[in-house]
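Undergrad: Next come the chains, spelled out residue by residue.
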Amino acid sequence: MNRRDFLKGLVSTSYVVLSGASVLAPLNALAASGAKSKDGWLTTGSHFGAFKMKRKNGVIDQVKPFDLDKYPTDMINGIKGLVYNPSRVRYPMVRLDFLLKGHKSDTTQRGDFRFVRVTWDKALHLLKDSLDEVQTKYGPSGLHAGQTGWRATGQLHSSTSHMQRAIGMHGNFVKKVGDYSTGAGQTILPYILGSTEVYAQGTSWPLILEESNTIILWSNDPYKNLQVGWNAETHESFAYLAQLKEKVKQGKIRVISIDPVVTKTQKYLGCEQLYVNPQTDVALMLGIAHEMVTKKLHDEKFIEGYSLGFDRFLPYLLGESDGVAKTPEWASEITGVSPEIIRDLAKVMTKGRTQMMMGWCIQRQQHGEQPYWMAAVLATMIGQIGLPGGGISYGHHYSSIGVPSSGAAAPGAFPRNLDEDQKPLFDSNDFKGASSTIPVARWIDAIMEPGKTIDANGSKVTYPDIKMMVFSGNNPWNHHQDRNKMKQAFQKLECVVTIDMNWTATCRFSDIVLPACTTFERNDIDVYGSYANRGILAMQKMVEPLFESLSDFEIFTRFAAVMGKEKAYTRGMTEKDWLIKLYDDCKAANAGKFDMPDFESFWKEGYVHFGEGKPWTRHADFRDDPEINPLGTPSGLIEVFSRKIAQFNYDDCPGHPTWMEKTERSHGGPGSDKFPVWMQSCHPDKRLHSQMCESKEYRETYTVQGREPVYLSPVDAKKRGIKDGDLVRVFNDRGQLLAGAVVSDSFPQGVIRIHEGAWYGPVGEDGSKEGGAEIGALCSYGDPNTLTQDIGTSKLAQACSAYTCLVEFDKYQGKVPEVSSFNGPVETQI
Amino acid sequence: MNKEPVSDNAINQARGIVYQLLSSLFAKEVDHQLLHELTSDNAQNFWAQLASEQAFKSDVDTLMSVLNTLKSDKALLELAADYCGLFLVGTKHSASPYASLYLEDAQTGTDDEPTLFGEQHQLMLQFLKQSQLQVQSSFPEPADHLAVILAYAAHLCNSSDETAQLEFIESYLNNWIGNFAAKVTQCDSGQFYSALTRLTQSWIQAEVTGLRAEQ
Numbered sequence: 001m002n003r004r005d006f007l008k009g010l011v012s013t014s015y016v017v018l019s020g021a022s023v024l025a026p027l028n029a030l031a032a033s034g035a036k037s038k039d040g041w042l043t044t045g046s047h048f049g050a051f052k053m054k055r056k057n058g059v060i061d062q063v064k065p066f067d068l069d070k071y072p073t074d075m076i077n078g079i080k081g082l083v084y085n086p087s088r089v090r091y092p093m094v095r096l097d098f099l100l101k102g103h104k105s106d107t108t109q110r111g112d113f114r115f116v117r118v119t120w121d122k123a124l125h126l127l128k129d130s131l132d133e134v135q136t137k138y139g140p141s142g143l144h145a146g147q148t149g150w151r152a153t154g155q156l157h158s159s160t161s162h163m164q165r166a167i168g169m170h171g172n173f174v175k176k177v178g179d180y181s182t183g184a185g186q187t188i189l190p191y192i193l194g195s196t197e198v199y200a201q202g203t204s205w206p207l208i209l210e211e212s213n214t215i216i217l218w219s220n221d222p223y224k225n226l227q228v229g230w231n232a233e234t235h236e237s238f239a240y241l242a243q244l245k246e247k248v249k250q251g252k253i254r255v256i257s258i259d260p261v262v263t264k265t266q267k268y269l270g271c272e273q274l275y276v277n278p279q280t281d282v283a284l285m286l287g288i289a290h291e292m293v294t295k296k297l298h299d300e301k302f303i304e305g306y307s308l309g310f311d312r313f314l315p316y317l318l319g320e321s322d323g324v325a326k327t328p329e330w331a332s333e334i335t336g337v338s339p340e341i342i343r344d345l346a347k348v349m350t351k352g353r354t355q356m357m358m359g360w361c362i363q364r365q366q367h368g369e370q371p372y373w374m375a376a377v378l379a380t381m382i383g384q385i386g387l388p389g390g391g392i393s394y395g396h397h398y399s400s401i402g403v404p405s406s407g408a409a410a411p412g413a414f415p416r417n418l419d420e421d422q423k424p425l426f427d428s429n430d431f432k433g434a435s436s437t438i439p440v441a442r443w444i445d446a447i448m449e450p451g452k453t454i455d456a457n458g459s460k461v462t463y464p465d466i467k468m469m470v471f472s473g474n475n476p477w478n479h480h481q482d483r484n485k486m487k488q489a490f491q492k493l494e495c496v497v498t499i500d501m502n503w504t505a506t507c508r509f510s511d512i513v514l515p516a517c518t519t520f521e522r523n524d525i526d527v528y529g530s531y532a533n534r535g536i537l538a539m540q541k542m543v544e545p546l547f548e549s550l551s552d553f554e555i556f557t558r559f560a561a562v563m564g565k566e567k568a569y570t571r572g573m574t575e576k577d578w579l580i581k582l583y584d585d586c587k588a589a590n591a592g593k594f595d596m597p598d599f600e601s602f603w604k605e606g607y608v609h610f611g612e613g614k615p616w617t618r619h620a621d622f623r624d625d626p627e628i629n630p631l632g633t634p635s636g637l638i639e640v641f642s643r644k645i646a647q648f649n650y651d652d653c654p655g656h657p658t659w660m661e662k663t664e665r666s667h668g669g670p671g672s673d674k675f676p677v678w679m680q681s682c683h684p685d686k687r688l689h690s691q692m693c694e695s696k697e698y699r700e701t702y703t704v705q706g707r708e709p710v711y712l713s714p715v716d717a718k719k720r721g722i723k724d725g726d727l728v729r730v731f732n733d734r735g736q737l738l739a740g741a742v743v744s745d746s747f748p749q750g751v752i753r754i755h756e757g758a759w760y761g762p763v764g765e766d767g768s769k770e771g772g773a774e775i776g777a778l779c780s781y782g783d784p785n786t787l788t789q790d791i792g793t794s795k796l797a798q799a800c801s802a803y804t805c806l807v808e809f810d811k812y813q814g815k816v817p818e819v820s821s822f823n824g825p826v827e828t829q830i
Numbered sequence: 001m002n003k004e005p006v007s008d009n010a011i012n013q014a015r016g017i018v019y020q021l022l023s024s025l026f027a028k029e030v031d032h033q034l035l036h037e038l039t040s041d042n043a044q045n046f047w048a049q050l051a052s053e054q055a056f057k058s059d060v061d062t063l064m065s066v067l068n069t070l071k072s073d074k075a076l077l078e079l080a081a082d083y084c085g086l087f088l089v090g091t092k093h094s095a096s097p098y099a100s101l102y103l104e105d106a107q108t109g110t111d112d113e114p115t116l117f118g119e120q121h122q123l124m125l126q127f128l129k130q131s132q133l134q135v136q137s138s139f140p141e142p143a144d145h146l147a148v149i150l151a152y153a154a155h156l157c158n159s160s161d162e163t164a165q166l167e168f169i170e171s172y173l174n175n176w177i178g179n180f181a182a183k184v185t186q187c188d189s190g191q192f193y194s195a196l197t198r199l200t201q202s203w204i205q206a207e208v209t210g211l212r213a214e215q
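Going down the list, the protein sequences come from chains A and B. Its first residue numbered 1, the first sequence is counted upward by one per residue in UniProt numbering. Its first residue numbered 1, the second sequence is counted upward by one per residue in UniProt numbering.
Worth flagging that the hints you see were computed from the coordinates, not collected in a lab. Every value quoted in this text rests on a predicted model; they were computed, and no experiment measured them. For every residue, glycine included, the Cβ atom is placed at its ideal position computed from N, Cα and C. Some clues are possibly wrong.
As the list claims (entries may be wrong) - Computed footprint of chain A on chain B; a stretch qualifies when at least three of its residues, placed anywhere within it, have a C-beta under 8 Å from a C-beta of chain A:
#1 47-57
#2 92-103
#3 138-150
#4 193-206
Claimed, not checked - Coverage of chain B stretches by chain A, computed from C-beta distances (three or more under 8 Å per stretch; other residues unrestricted):
#5 13-19
#6 121-135
#7 160-168
Next comes chain A alone, as it looks inside the complex (with noise of 0.2 Å):
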């Protein structure tokens, strides 16, 4: 048939009407004239560091940093990859076998990755149908909503305010204690130095380079690890660090790292290294101490003045208690350090002024309090808390702390909780004997082994039957441990909702999806600088939320009018609404102190600077008088012995800080005749976190044939026949990965380094096919907890052990799967 007769058929058939509209309609006036969203550069900001956008035809064009930024982070080149992004959540979705059968959905399919789209109507609905479900049939005890994190910046839209106000509006649900990076420390601190520390303003760095003769960094990396903070960072400690570069070159000051791995830090300030065996800090520490006491180095009149129970550590330390004396000789067996060289570091360490800074990664292995606790113990000895320049610190690489703070109000955020004349939908406190907060990184335990009760912190936690878990801003399948046990953990949920903007992976193994739209598609508010304060950071709208996505604040306002609560969720305001009583607020806490503009010139202006903050010491009020100004702890003092935590009586954290043997350590340690490597997940040098893996052209400047990297020794490399840049397969009892080889100097044989924050994509066990529902999946990017233990550090803190890790490793020969991480749900068949 030719062409004109077949559509001349066509013709006398063709009218058939479809009743939907076209996808297209005319221009209107508005969007003709350009003035919905005029071109131009706006200014917001981000865990990265605050920044301007350059807005042209509706889409993110340019990103430069702030004008005060004056070191940046080159993560910021990853910004238009997280947004433009291919694996964006675009619409409302709900696993097909829940939508069919709620409840009662073949769990086993949870990770087969069939989704079908839903209106927000339909979906915000499913939300309410499952929680009235679970608070119906289980109460309480049968939610977990309580698992929340690193969300995107903002004091308006943050995401675990407007998911937890939300959901508590409708009823009560388990919560968390705790986090993943610091459980142990911020646990173990208030009893001995009588705060968490780990979160607490340290003496800034102007006094420490003015007055310390010596720095330990103990296995700390505030090179890498400053360039993003909790709020937008300011990156004001680079310019100090800088400055520490010059005084070290000078021979100033002396500065030592004790880690097993040369750190960026290290490279940065050209200064020493002390290698110590991974996980065996305590017995180094132990040893130093000993040494001191010997040689008679220690402070006594700082003991005695300004600590408690000393005498009750001295008989463990001289081996007088357990027959066992802490010599430099017993612990260089285990540290691998020489006796010398401790003999050496005790005497360096009393001698003129030190101050320790320590890092957060060994609190995060199995006894991770012993670390940190030791380390104050000798910071004790030494004798100088509470001096400019001296004492211990245990965040001078986290949120600018360390730069003199401006001293004004921060900005409030939205309320987390429900107004004091509210009460939830479903009123029940009845948690069936179960505890209704739960040590962060037990979760998957509770899910597993429901009623069993633990010890936590001197008390019994006894875990709630978990029915359903709601997530937002928060991807627990990077931080949580062991990814096989979490998949059967999974199968015995009944429904898993997740907020996100991008697909994580905790996404594909949710039930239901809902689409947040990223920072850069709401206006907001924050806080320049964590500690710093510096100001007040306008963040400004530069695109329209992408496909359905919706911001936090409309999730949960949308979410709130399906339980009839609207307007007691938003007290009748709009986003404007609150962002102006915010600021004004703020305002208002800094009058007669810090000048700050009407909200319309602020939001013109983008920015309110407070100025520059004054010097400070840590502690220095209680050195000057402890009666006056005690610490938080039980006896004001310094616990170098606690009594309160000997008569929890746990054989896993006694009374005063101990060497305890590991359940895997390497160089020697149980388990290392069968998996020698020893394997760190440290927070990644360009990330945080997840956040940002998912920005390919970004990701690309530093993976290896599309993976994550797995950094590893030349003579590790050598044994095991591998060439920088190959494919490797990491491996343990536990799971397995597929990593790229970066062979460097950097790391000592024996141990491994996988940066946290690697997007799990599982393929079949062989690499053959994609998806990965099933257990013993191999991951195709490199995610490192596929490996890590989910173990509490401790009946003491219950937290994450990470860093108790061993691995093995060889050349990957199988069939190379493509990655499955960054794509958004990959079905399989099952």
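Based on the hints, put chain B in the right spot on chain A.
TA: The following block gives chain B in isolation, referenced to the frame of chain A:
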């Protein structure tokens, strides 16, 4: 065969309706309403005429046979899940219908996909603006979405000469529809959307051939 003289206008309108129909099927899932319209008596005649062209027959037959099996909510949801897996998530293990992903330069590097709302989106926005059109706010997709491009082709059928139509179809549809069809066929867990995409490809090829012959 219709003996009445048929105007060029009517033929262009009929072509436009085919483009519009294809656009609608890529724009959203098949719901009860759409299913009803696609299987009405009128529609059956239309499909039959479309199937009279050998190049379209087997794919139209597949579409018809799938549509005729959609007797329950569950069957519609299964088809919606096929749609979702293909067009609404990711770009790599699915077949998101954005031109930018399938143009030759995007296909050269194995791991080199462009981000969304890129150059092709801007180009289509320019076309739309020139024609005093915009993408419906209820369709919050990049403008290089296949449904938008097909709808614009439908618009051109009724508003511009054949030279302009050919130029657009060659430059904005024919240069990527083959790669797209291959991807859909590879990723589709059902039959409907691979048949629809192949039909779209065949239709565009017939259009290009026909319009070229008329130049």
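Undergrad: Honestly, which of those hints from before does the structure not fit?
TA: 4, 7
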